[in-house]
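Asks: Sequence:
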Amino acid sequence: MSNRTVLIIEDNEDIQEIYKIHFESQGFTVISTLNGLDGIIKTLEISPDIILLDIMMPQMDGFEVLETIKNHSSINTPIIVCSNLSQESDKHKTFELGAHLFLVKSDYTGAQVVQKVISFLEKNKSS
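When we follow my numbering, the leftmost residue of the sequence shown carries the number 16, and every step to the right adds one.
Some hints here could point you the wrong way.
[To be verified] In silico DSS-like cross-links for lysine-lysine, where the CA-CA straight-line distance does not exceed 30 Å:
#, residue 1, residue 2
1, K57, K140
2, K108, K140
3, K85, K120
4, K131, K120
5, K131, K106
6, K106, K85
7, K140, K85
Honestly, the hints are just simulated from the structure, not real lab data.
Remember, it's a predicted structure, so these values are computed and weren't measured experimentally.
Using the sequences and the accompanying hints, generate a full structural model.
Replies: Structure representation (structure tokens):
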């Protein structure tokens with residue numbers, strides 16, 4: 016699973032660091048941003064293999080990021096939402112806006128989140 020780039024869009028620097036350590040231990044290149052607006056800019060700059068996206072963030076929240084990416088025809092990066100929003104309506108909204116997977120942040124350790132991402136990429140590598 017080496018040579019993959021993950022973009023982490025997460026406003027909590029401690030959580031970013033936990034994910035970064037676990038992704039790097041699996042051979043990923045990790046790029047992080049603290050808000051959705053910077054996440055969109057980085058997505059356009061680097062075309063990551065996958066995006067790990069929080070929902071509640073300053074400047075541009077995860078819903079706005081999803082909507083922007085959905086409406087931008089040149090971005091085809093899969094997005095995994097990892098948020099503490101756990102209402103079914105929030106999950107449904109993320110899928111309507113193009114998320115590929117929704118994880119409730121508090122249900123998983125950093126290592127488990129990375130394993131979910133790897134599993135997703137493995138299942139979808141031929142698509």
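Asks: Now tell me, hint by hint, if it's right for this structure.
Replies: Each hint, compared with the structure:
no. : hint         : result
1   : K57 to K140  : holds, 22 Å
2   : K108 to K140 : holds, 25 Å
3   : K85 to K120  : holds, 23 Å
4   : K131 to K120 : holds, 12 Å
5   : K131 to K106 : holds, 17 Å
6   : K106 to K85  : holds, 16 Å
7   : K140 to K85  : holds, 20 Å
The earlier numbered hints are all upheld by this structure, with none contradicted.
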